[in-house]
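**Q** Here are the chains, one letter per residue:
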Amino acid sequence: MLTELEKQIVKRLQDGLPLVREPFAVLAAELGTSEEELLATVKDLGRRGVMRRLGAALQHLKVGYTANAMVAWKVPPERTREVGGIFSSFPEVTHCYERETAPDWPYNIYTVIHRPRREECMAIIERMRQAAGIDDYQVLFSTAELKRTSMRYFCD
Amino acid sequence: MLLDERDRKLLDLVQKSIPLTRRPYLAIARELGMGEDEVLSRLKRLKEAGIIRRLGGIFDSRKVGYCGTLCAARVPPERIADVARVVNAYPGVTHNYLREHTYNMWFTILAPSPERLKEIVAEIKAKTGIEDIREFPAVNIFKVYVTFAMDGMNRAHGTRETDR
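Taken in sequence, the protein lines are chains Z and X.
Sequential numbering of the first sequence, starting at 1, is according to the numbering used here.
Sequential numbering of the second sequence, starting at 1001, is according to the numbering used here.
Since the hints were made in silico from the structure, they are not lab data.
Any given hint could turn out to be false.
[To be verified] Restricting the straight-line Cα-Cα distance to at most 30 Å, the calculated cross-link-like pairs of lysine-lysine (DSSO-like) are:
1. K43/Z - K1063/X
2. K147/Z - K1063/X
3. K1009/X - K43/Z
[Claimed, not checked] What the simulated footprint calls covered on chain Z by chain X, stretch by stretch (three residues with Cβ under 8 Å from a Cβ of chain X suffice, anywhere in the stretch; the number is not a length):
4. 12 to 18
5. 126 to 136
Positions of the beta carbon are idealized from the N, C-alpha and C atoms, including for glycine.
Whenever a hint applies, use it, and build me the whole structure from the sequences.
**A** Structural data, given as structure tokens:
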């Protein structure tokens, strides 16, 4: 579980890193701690995997990545880890999840691909199919993006 | 806005990671052979133009203590706008897409507990009258790494260089 300071840091860092020369000094002053302690805590959040990284999230539609395919794959239960690993190794795959199934929906592995063009998505899906040897899948292209945002934790 | 080569290099680098040091923008500047102030002014411009949606911490929702699910709803075409309004009003709904399928609206929900997740889905059903909403909770997360390679993209709204 996270300490109170860690929660405060998550809250503040999800809003953004200030665009000034010494951004951590600014955050530390806001949170009433020292720059050293703040940096050490942020590094620790990274080490524990709570924070994947500090980085930029792009508005993908504005940079030309307009095709978005979610593919739901039916993978034998004993192969989920292996196949999850194969799919994850494709740099074009942004998300790879295992999810619960339903009696009429046997698809358990989900991958998402964002590319500039739909045909590129299809070509990548074909390479994924061959690499994993999984032939039962559903390709769900998006036709409209209704919402896409970053989660804001500890605000509800 | 048009992106030049320096913008694209900067975007490729800052999507991967921003160093955890006192002067992170200086470290980035040195790696790219730019000045610190140039890095700062380019990032400000890219943010104002909406190319950078957010520049900050990217967290693992589970390790922060949240749980998530993917929902698929069957929504009649004429109800899409008003159902989307109800669904999108939840801060925990981070993605919502229309997709080519009989289940046409696919959205993700994050919540601080599994109970709250169930509650949100129940509320959405009650408020919209849409009963046919499937839930596919995550069992394992193999990969989340959302970056968009800018090298090779020649214009903001453009084609890839290989298309030319």
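**Q** With reference to the structure, classify each hint as holding or not holding.
**A** Hints, one by one, checked against the model:
1. K43/Z - K1063/X: Status holds; Cα separation ~15 Å.
2. K147/Z - K1063/X: Holds: K147/Z and K1063/X sit about 24 Å apart, inside 30 Å.
3. K1009/X - K43/Z: holds, 25 Å
4. 12 to 18: This one holds; 5 residues, not fewer than the three required, reach chain X with a Cβ under 8 Å.
5. 126 to 136: The restraint on the stretch 126 to 136 of chain Z is violated, since only 0 of its residues have a Cβ under 8 Å from chain X and three are required.
Hint check: a violation occurs at hint 5 only; the rest are consistent with the structure.
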